Structures are given as C-alpha cells and as structure tokens.
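Undergrad: Residues per chain are reported as follows:
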Amino acid sequence: MSDVKLNSKAPEGSIEEKWKDHKFHLKLVNPANKRKYNIIVVGTGLAGASAAASLAELGYNVQAFCFQDSPRRAHSIAAQGGINAAKNYQNDGDSIDRLFYDTLKGGDYRSREANVYRLAELSVNIIDQCVAQGVPFAREYGGLLDNRSFGGAQVSRTFYARGQTGQQLLLGAYSAMMRQVGAGKVQMYPRHEMLDVAVINGKARGIVTRNMINGAIESYIGDAVLLCTGGYGNVFYLSTNAKGSNVTAIWRAYKRGAFFANPCFTQIHPTCIPVTGHYQSKLTLMSESLRNDGRVWVPKNHDDKRSPDQIPEGDRDYFLERKYPSFGNLVPRDVASRNAKEMIDAGKGVGETGVAVYLDFADAINRLGKSVIVERYGNLFDMYKQITAEDPYKLPMRIYPAVHYTMGGLWVDYNLMTTIPGLYALGECNFSDHGANRLGASALMQGLADGYFIIPYTIGDYLASEKFEKIDTNHPVIKQAEKNVEERIRKMLSIKGQKTVDEIHRELGKVMWDNVGMTRNEKGLKEAIEKIKQIREEFWRNVNVVGQNEELNQSLEKAGRVADFLELGELIAEDALHRNESCGGHFREEYQTEEGEAKRDDENFAYAAAWEFKGEKAKPELHKEQFTFEYVKPTQRSYK
Amino acid sequence: MAKKLNLHLKIWRQKNSQDNGRFVDYDLKDVSTDMSFLEMLDVLNEQLIKKGEDPVAFDHDCREGICGSCGMFINGRAHGPQKGVATCQLHMRSFNDGDTITIEPWRANAFPVIKDLIVNRSAFDRIIAAGGFISVNTGGAPDGNAIPIPKDEAEAAFEAAECIGCGACVAACKNSSAMLFVGAKVSHLARLPQGKPEREKRALAMIAQMEKEGFGACTNTEACSAECPKGISMDVIAQLRREYFRAFIKGEEKV
Amino acid sequence: MSWLIKFLESSIGKKFVMAATGLFIALFLIEHLIGNLLLLVNDNGKVYETFTEIMASNYNLPVRIIEIFLFLFFIYHSINGARLWWGNRLARGTNYKVNNPSENSSFFSRFMIWSGTIVFIFLVIHLKTFFFPYRFGNPGNSMYEGAVEAFSSPWYSGFYIIALVLLAFHLIHGVQSAFQTLGLNHKKYTPLIKKLGIIFSIVLCAGFALIPIYFLFRSGGGD
Ligand SMILES: Cc1cc2nc3c(=O)[nH]c(=O)nc-3n(C[C@H](O)[C@H](O)[C@H](O)COP(=O)(O)OP(=O)(O)OC[C@H]3O[C@@H](n4cnc5c(N)ncnc54)[C@H](O)[C@@H]3O)c2cc1C
Ligand code: HEM
Ligand code: HEM
Ligand code: SF4
Ligand code: F3S
Ligand code: FES
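Protein chains in written order, with this note's numbering: chain A, 1 to 640; chain B, 1001 to 1255; chain C, 2001 to 2223.
Derived from the structure by calculation, the hints contain no laboratory data. Incorrect hints may have been included.
Here are the simulated EDC-like cross-link-like pairs (lysine to aspartate or glutamate), alpha carbons at most 20 Å apart as the crow flies [to be verified]:
no.	chain 1	residue 1	chain 2	residue 2
1	C	K2188	B	D1152
2	A	K499	B	D1152
3	A	K523	A	E390
4	B	K1051	A	E503
5	B	K1003	A	E557
6	B	K1050	A	D502
7	A	K5	A	E503
8	B	K1015	A	E557
Some chain A residues flagged as far from chain B (calculated, every beta-carbon gap over 10 Å) [claimed, not checked]:
no.	residue
9	V4
10	V155
11	R376
12	R541
Note that the structure is a prediction, hence the values are computed from the model and not measured. Here a beta-carbon is modelled for each residue, glycine too, at the ideal position from N, C-alpha and C.
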C-alpha cells in the first residue's frame, strides 16, 4: 500500500478520461482575481519559462528567477536531438497510447500510469504551441513538419530543429516569457540564486535568494512557489550538464519537508567524448543517432597500443554485436553504457587514457559513401574534431559513457505539487514521468507539458481552495531563513582551509562515479556512504572559499552547490542501497539475470521511494508510493 | 598527442563596476593543448585560490557553445582566434608555447563590466522583451501542420534563430552596434508566416529599445558576422533595415 | 512630419541618409568626370568652355536646382557622417588594449571618417579654386585656363591625386555599403555589387586623376 503521506491524487476513471475529468473538477480562479496572486517561479528552463509565460498570460503576477545572467541560458538550451509527440504525421502507426506505452516501458515500469498517459496526450499540443510561437522545426520539401526516429521507439515521432532542438524550444518559451516581462506581468530576476524556501503555516510562501552581483540576501513572497530548477547530474562532477546545474533549490525544499523521490535513478549516456585529463571540466554529448551507423569495438587483447587502423579485423571485438545479435549497436542507453564499462574494466580501453571504446564509421563510409555520412552526421563529426583534433572520417571516434540526466527529483502528485502545500516541482527536477530510465526526446516534452499545459490548471485549484494571510518579508519565518542562509555563507567563508571547492567536488565525483555510477553493489554503496561522509566532513573543515559575500563571488556560489551535492550524494547511495533490484538506470550487480541483464523485482520494488528529511543527524525516512499498472503489463526487457 | 605550453597571460581585473580596473600579468606553466580555453582559466584560478587570491571571474555554463554565457576578447578578437566558435569551444591547440595572451571583457557602454571578464548583457533581454516574440498565448494554437512553410524559408528562419545572445557581435563591432543580434531575431520571425502580422510593430519596438540601450549605429563593417560563433549572416541586418523602412512606409507612426 | 524626423534621426535612418546622399553624390561624380574629361581634348579648351557655359548658365534651371541639392546633400552627408562617427565612438566607452580588427573587417570600412574628412578638405580647396571665383567672382581667365594654371603646380596636382586615392578608398566601402544600408541584399547579386562597386570606385577616381596628371606632364614636358 502507498504511504498515507503520499496521496498521488491521480484521478479515477478510464485512462483516456482522467485528465479531462480532473480538469473539469479543478476549482478556478476568477479572471479578475488572478492579478491578486503572486507566483514565484524558480528556474527559466523549458519548464520554468513556459510556466511563467502561461501563468502571466492568465493574469497572475509572476516573479521568475534564474542564476544565469539571462533566462535564455537555462540548460534546456543544450538539448540536441529532439522532442517527441504522438502526432502520427508519418502515418506509421503512432498514437497517444503507443507513446504512453513506450515511455512507461522505457522507464522500466517505475512511473505513474496516469501521469505518463497525460504526458503523451499533451505532447500533441506542445508542437502546435511551439510552431505558433515561431519555433523553426525542420520541414520537408512540401512544407510540412519533418520527423526522425529515436531510441526506444519503433515509430518516427521526434520533431527537431537540426541539432539544436532544445535551443529553439527554449527560445520560444523565453520569448513568450519576455513578452510578459515587457507587459509588466513577469518580474525577471536573473543572477539570483535561490537558497531557501519559506514555509509558513504549512504552506510555501516565499523564497530566500542571494543576489549574485552584490551578495545581498533577499526574500520574495508569493502565494505559491514553482521549482523548475533542472537536474542534479553534476553530483558526479563530470556530466553533460552545464557547469552551473545544481540541486540546491530542490535540496533546500527537501530540507523544508518536500520528499525526494528515487534519487538513485540517474541516466548514463553511452556516447560522450571521453575525458582527456584531470583538468576536464565537463563532458560533451555525441548524439545517440550515431549508433545507427557506427560500430562499437575494442581490441581483443589487453593493452593493445596499436593505432586503430593497424588492428586487423581478427583482433577486434565488436562486443555489442557479439552479445546482442538482434539489437547490436542499438541496444538502449543503459545496456550500451554498462558494456563499455565492462570492457574498460577488463583493461581493453583505448586511447591515451585507456578510458574509451571505439565507435567506428569505416564500414558505413565504405557502404554508403562519405557524402551520406557527412549529410547525416556532419555537424557531430565537426564537433568531435573541434574537441579532440582527430578526424573521425579517418580514425574511429573514441567514446565513453557520461552522466546525462536524473530521473529522480522531488516527489509530486498528479497536480505537480510536492508534499509541501503550495510548492510545485516542474521539469527535470521532479520525479514524475520517466521512471527508472528516460527515453530520448522525452525530457523536453515533459518540461513543456508541465509548464504550458498542466500547472496553469492545477495551480488555480490550489489558490482557489486556500486562504492566504498577508505576510511580508519581516515575517519571523522569513527572517529566520535569511539568518540561516547568511550563517551558512559566513561559515563557508570563514574556514579558509587547504582545498579548493573543485578539488572536493572532484573527490565526490570520483566516489559517485566509481561506486554509485553505472553499476552498483552493496559493498561499494556502503563504502561510498562512508567516503561521502568523510569528504563532507573535510569540506566543512578544510575548504578554501576566497573573497567575501558582498561581491560577485564564483567560489562561494560553487561552494554552496557542492555543499548540497555532498549531502545529496549520500541520499543517492542510500536509495541505491535500499533498492534491491536492477531497473532502468539503476543496475545492482547482485540483481542480474544469468546473461548479465538487469533483473527487476516488481513484487517488492514497484514503488517510488520518497525520502523525508528528518534532521541533520537523523536518517531520512522512506515513504513508498506503490505503482499499480492497469493498462500496461510489466515485462522483462530483453534485447538479445 | 597533447603538448605542453607555457603562457603569459594579461588579464583584465576589475573588482566591481565602480573599480577602475587594470591588467594583471600571470605566468601559467604546463598547459595541455587538449585543454579548452576555459579549462586553462580554471587551472589558473585553482592556483590563485591556493595562494588565497581572488580567482578571475568569467561567465560560462554549458561549455559547448550553445548557452551564450561565455565570451571574452582574446588577443584582440571576440571569442579568440578561431572563427565560428564560442570561447568555451576554443582549445589551447590554437596557441603556441611562449605566447602572450591578452584577455579583456566585452567593451561597450551598453555592456557595463560587473567584475573582471563579466559584463552585464541584460540590454539584450530588454530588446527581446520590447518585441522579440510572436504574441500568442498558450492554448488554442492551430495544428502544427496547418500552415505549410517552404523548407528553404524554414531553414533560413532557423539559421537566423541560431543566435546564442553572446554579445560577440557588439564586442567586435567598432561601433558597439547590436544590429546583428537584433537583425537575427527580426529576420527569424519575419520570415515565418506566424511572425508576419506583427512585423512592423516588432521592428520599430526592438530598434527603439536598441537605441535606448546605447548601442552604436551599424556602418556595415561586417566584423560582427565574421566573429559570430553561429555565423549569423549579414543578410539579417539588411532585412532588419527593410523591415524598419517598411514599418515607416506603412505608417505605423502618425504623420 | 514628426515621423520623418524620427526616422531620419534613428540609427537606421541616419545611415539611410548617408547612403542616399552618398549615392547621389556618386552619380554627380559620374557626370562631373565625363564633363571634366573634356579638358583633355586637345583644342585649348573650346569644347570644355562650351560645356561649362551650358552647365553654369543661370537659365539652366534643372542644373541649378540639382546643384542646390548637391550642396545640401554634401553638407548633410558630412555632418551626419561626423555625428554617426562620434556617436559610435561614445558607444564603445573603454577601448580594447589589444584589438585585431584586420582579422574581421576591411580597412576601408574602418577608415570612412578619415577618407571622408580628407575628401571634405579637398572639396573646400577645390571649390575655392574652381567654383566660387568663376560663379560669383571675377577670375580674369577662362575656366580652362584656370585649370591649366592650377594643375601646373605639382603641389596642387599632387594634393588632388592623394585626395582622389582617398576618395577611392571611401567609395570602395561606400558603394557596396550603401546597398546594404538600403536593405538591398541578395545571395546572388550582393557579391556582384561588391565587385562592381570596387571597379567603379577605382575607374572613377583614376579617371579624375588623369586630369591633373595630364596637365602636370604637359606643363612640365611641353611648354
Ligand atoms: C547535453 C544534453 C542534451 C539533451 N538532449 C535532449 C534531447 O534531445 N531531448 C530531450 O527531450 N531532452 C534532452 N536533454 C534533457 C533536457 O534538456 C533537460 O532535461 C531539460 O531541458 C530540463 O529542463 P528544465 O526546465 O527542467 O531545467 P533547466 O533547463 O535545467 O533549467 C533550470 C533552471 O533553473 C535555474 N536554477 C537552477 N537552480 C537554481 C537556483 N538554485 N536558484 C535559481 N535558479 C536556479 C537555472 O537558472 C535554470 O534557469 C538533454 C540534456 C543534456 C544535458
Ligand atoms: C565625394 C564625395 C562623397 C561621396 C561620393 C561619398 C559617398 C559615400 C557613400 C556611398 C557612403 C556609404 C553610405 C552607406 O554605407 O550607407 C559614404 C559614407 C560615409 N561618408 Fe561619404 N561620401 C563623400 C564625401 C564625404 C565627406 C566629405 C565626408 C565628410 C566627413 C564623408 C563622410 C562619410 C562617412 C563618415 C561615411 C560613413 C558613414 C557611416 O556609415 O557611418 N563622406 N559616403
Ligand atoms: C581633377 C578633377 C576635377 C576637376 C578638373 C574639376 C573641375 C571642376 C570645375 C571646373 C568646377 C566648376 C564648375 C562650375 O562652376 O560650373 C567644379 C565644380 C565642382 N566640383 Fe570638381 N573637379 C574635379 C574633381 C572633383 C571631385 C573629385 C569632386 C568631388 C569630391 C568635385 C566636386 C565638385 C563640386 C561639388 C563642384 C561644384 C558643383 C558644380 O558646379 O557642379 N570635383 N569642378
Ligand atoms: S548574433 Fe552572433 S555574435 Fe551576436 S549575440 Fe547572436 S550569436 Fe552572439
Ligand atoms: S560590425 Fe558593426 S558596423 Fe554593422 S555590420 Fe556589424 S554591426
Ligand atoms: S559556456 Fe555556453 S556558450 Fe560558452
């Protein structure tokens, strides 16, 4: 049974009617009253910008925050591949039901049916909305929208704008929001980092921020707070996320009582450009589509130092093709990633550092001709060459998996509300729709569904049902929160130890990657928990954060984020340790089939693990939201 | 194979907007040619922190050339010596052992320095807020395929829409003009049928805001397009002017 | 009319004025070159005198009107050019310590204000020699004789040649830039316009330069 504290509010009734019925039963705020409500939106990525724009259009007053110098720079901008929608423009048998099914199966049956169905339903409206805003999606010669295929689906339903889909979608949402800024309905606060939520009489009523230019600690009051702050992949130090991506906002919310669900569900993308040295600051993704034509291999012999073109066919091991004859190089992300790691652990890694495998296009170039490859992947090949100074038309690419996306996040109900009334979580920072593994091109879809089409309905119900007392920034709860924030900053600045923030972050990253990364086991996880505690202890004793608070201080910004990662890391490990099964991105070595594949345990783990903060010294408490599957029967995945 | 470089850096240091600022020299040893330019600065900063000194502040986020956060004037060029890349995509391979590298912030009155290499580019946001959008509310949009758009037009619109808002155009332009940035947005939207109804209003509003922000006037020097990391074409500036003329001829303004 | 002033004073409008007046002056220069090349006809200035008499006649109303516009445009072009330059300088604020503009833009495009200024100085001197005395004063010789006399001075001719080189600089950027300013930009034709603009500038200025060179050699070599 699900926990009493976790009421998913998922409506009854047939799956097709749930959202429609639910919308009908939601209370409405009278148009003239909307301007009396103040809504705080933290984050201006796809989720935040779309929410801020839509709410302001309805008449609410919105205050929006981001840490970059402009809302247009949110990390959504970096998404490459595309966005799914069940439009069935290609007449290839796509439908809302199929997208629903694919997403649920792709997530290894660890998500809520009602939410996933709604997502598939809304996907259709997203494309229409974006086209109306002027998003220049790719088109065919006839002038109609073009689609491409993506992993985990047998239909062509991905809409794209070259390799810059996220950019174009975000600029669409950003421009809609800036229109409201111009109209005075949205107040934009860039270079403001949220450092706490104020919960007053059980409701989220405001946030505390640091003005990143002058260090001022400022508070903002609202009737509801929306967190749209993206993923926490940077807990691994190296990831494909932007350098500033962080967990701080949702971690502060967690500490104020919002439950954190499935933190251990992290996604590792198999095709990234490998690390070149200790100075490496981030990893660059190479689109999944490359595996359509590239063949993955390593030398058969250990420490084979020959140049790849000198290694004869007989000395090569095309391990994915060997182990998965039917899917070959196109196995899902998690499977491809794990196998690459296995090869490298066995000492067969390639390149200067030995931490990479080859992705070889020689066959494809011979078969199709170079011009076809240029047309298909030209920009990716150029990007690879720019970074590595190697020509992938001549030598195989070197690739390695990297942390890419986090399925876990704040637990939310069907209305996207966390366990704190009035506090919502949208986009990557909630746990809702992708279960234990996200399919390509679904994150953009989710962020926009949340912001454009869900929150504008569900927030009205909350606002209309509640009474809001008048408070200002002198409220004792706010003052206390500000004091805590100042206190913490002062403490960090006063340590003046030996290690830089980055050094400590790298140490954390290494533990996370080695023990809580692609494969996990009980011993490693326990070890990780101990190590993370030590690193955390060292941070608070020996970190060196230079400068002061009252200035633009990037060391201080980083320090605050890393301090939160140091706590989150432990929760991820705890969550991974408790989940005695393998599913999606979570692979426990103890739980695998004879062939070495993930073994799910639906009997005992078909739930979302929602963790409740119980105090700095106490263990967090586990709550379970049990998943029941009425429409789709869970099956074991096999790609043999 | 990666090589190691020893470099002399001359970096603009300025504590805050009130400070006068000055160049400070740094020597950096054993810089791998595989490093990105920003990673080179990371290494310098780690060393400065170890010495208890203030690290060099610079904007950055995605580090893959798409968010538009990064941007500095490197040896007299916006985003450094290589064409078609943002600072974060520049690698140390583009430099030689013993080089002196001068690093300055974007210079323009409309982009005041906040600290070191960080400038305030919010003028760009205000220009977009003035008119860089299509006025559609959420909901009620017609089907995405209701209006076919010729592939060429869609591609041209996309190419203009690629602008990442980095400000290199302003930094490189001898007049600190923002015409390429504004032109890119106006051209993107004016090319699409969805954007046509508001085209006159948009051009007038965005240009008015651009002038209010204190950017210079374009004299067709073309440095902007040459240094733009996304290679936004000079066509967008010509189109911006056409849109502006059109707005006046059509008499949006009262006589 | 406030909208017109608003337009002319906007950054795009100011530039529009530069292009319109600049192209108008360039058209005048074509006519002016053809007329003045008559100086080279070896008939002691007969054809040339006939031509200038027609052109300078008080009854030649169209030319008088165009002339007024020409002067107005010259002044507008010069003042506006200076204003643009000054405004654009202010927009930069602090200059770069190291700047490498030759990597991204043409010398001519960055030199416009200086090439323009020298052309301006040239004009003042030029009008003082040829226009004011003959139109409003009592020069005591014919225009042809005046030209022969003026150009026999190597200093005067040398100055003309230098000024004409700078005029060529001005037009090399100016002509193609004017098209861009007027929004006339096309994938196929713009590269062509750029080439023709350069050829036009060089031919025009070389044509003018021929005149002082011719007289210089004639006075030095012949008599
Ligand atoms: C390289 C890459 C490629 C991808 N490609 C695809 C793809 O092809 N298709 C797909 O569907 N998905 C893709 N994804 C995933 C997808 O891009 C993200 O999941 C999605 O964009 C997240 O959007 P968001 O709005 O939730 O958060 P973000 O876009 O990350 O926005 C977060 C916002 O929160 C703000 N913020 C964060 N913390 C704070 C704080 N403490 N205080 C104030 N503000 C804060 C930030 O300033 C920012 O505005 C990709 C991801 C990566 C990394
Ligand atoms: C023989 C006379 C001249 C001709 C034919 C001429 C022609 C032109 C042309 C065609 C342009 C380009 C306009 C554009 O890009 O839209 C131009 C620009 C310019 N001219 Fe002239 N010009 C002449 C004299 C002068 C003079 C006397 C000055 C005095 C200062 C001057 C200053 C400028 C400046 C500064 C510009 C650049 C304007 C800008 O783009 O900011 N010009 N000229
Ligand atoms: C070497 C070449 C040139 C010669 C021999 C020459 C000769 C003359 C003469 C004789 C006049 C007087 C005409 C009259 O009063 O009717 C004149 C006028 C004038 N010239 Fe030139 N000129 C030369 C080059 C130029 C150039 C390069 C410019 C422009 C930059 C120019 C601009 C003018 C103008 C504006 C007038 C007055 C307008 C007019 O009366 O038409 N000239 N020139
Ligand atoms: S036009 Fe180019 S240089 Fe200017 S802001 Fe956009 S991307 Fe940067
Ligand atoms: S460099 Fe400047 S002058 Fe115009 S063409 Fe570009 S804005
Ligand atoms: S850091 Fe994002 S573009 Fe350079």
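Undergrad: Taking the numbered hints from earlier one at a time, note which ones the structure violates and give those numbers from smallest to largest.
TA: 2, 3, 5, 7
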